[in-house]
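Participant: Knowing the structure of chain A, use the given hints to seat chain B on it.
Just so you know, the protein sequences line up as chains A and B, in that order.
Quick note: the first sequence uses my numbering, first residue 969, plus one each step.
Quick note: the second sequence uses my numbering, first residue 2, plus one each step.
Simulated from the structure, these hints should not be mistaken for lab results.
Just so it is clear, the structure is predicted and the values come from calculations on it, not from any experiment.
Take these hints with a grain of salt, some might be off.
[What the hints assert, rightly or not] Under the rule of at most 20 Å between Cα atoms (straight-line distance), these lysine to aspartate or glutamate pairs were calculated in the DMTMM-like manner: (1) B:K97 <-> A:E1031; (2) B:K97 <-> A:E1020; (3) B:K82 <-> A:D1081; (4) A:K1009 <-> B:E78; (5) B:K109 <-> B:D40; (6) A:K1009 <-> B:E6; (7) B:K97 <-> A:E1027.
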Amino acid sequence: GAVVSQHPSWVICKSGTSVKIECRSLDFQATTMFWYRQFPKQSLMLMATSNEGSKATYEQGVEKDKFLINHASLTLSTLTVTSAHPEDSSFYICSARGRTKGSGGNQPQHFGDGTRLSIL
Amino acid sequence: GQSLEQPSEVTAVEGAIVQINCTYQTSGFYGLSWYQQHDGGAPTFLSYNGLDGLEETGRFSSFLSRSDSYGYLLLQELQMKDSASYFCAVYNQGGKLIFGQGTELSVKP
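Chain A on its own, in the form it takes in the complex (with noise of 0.2 Å):
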């Protein structure tokens, strides 16, 4: 089945650190890959959405200059933490999706492991 390859799984760092967390497709082209946050006991966010060679698409709340997006192949996207801060700390996962075929229905989404930030 697809797999998607997300590192690193946990990073702990001093406030004020900028973290780059990689998300690979490994068997598929992600045409669409997607950045939730998700804090304990509760429902995955999406931050955004990006598509491969265009700029990233943030949901309402995200701050673009904070959770700089990059999504330069069909295999690879990063999302990169600038100027960390405590309440950055999170469970930030990745997910991606391959070309839709036919006119209905999606592909189905498939995650990352997911990368536990923990920022002093």
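Facilitator: Below, chain B alone, put in the same frame as chain A:
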């Protein structure tokens, strides 16, 4: 906008059957999905309903009624390992997958 409602928690015993309901409101509907998430892990895909009716995958089944904006996940022959959070999610018109708040299922011996 879109919203999904599902119970916050459900408790059942091993071997039992449990149904987790989900009602949704969305502008444009392109299918209802279910995901399982264990503590500390990422969501794993369980099922997708694009059309009305029942989809069965082993012990898990999912149902959709588009006219009622309603679906459910049915888990049969519950096992301890089924204790997890279960999320319903809908695709909206923009092709984005939006998640419900999740149902925490506790399976007791």
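Participant: When the structure is checked against the list of hints, which entries are broken? Sort them ascending.
Facilitator: 4
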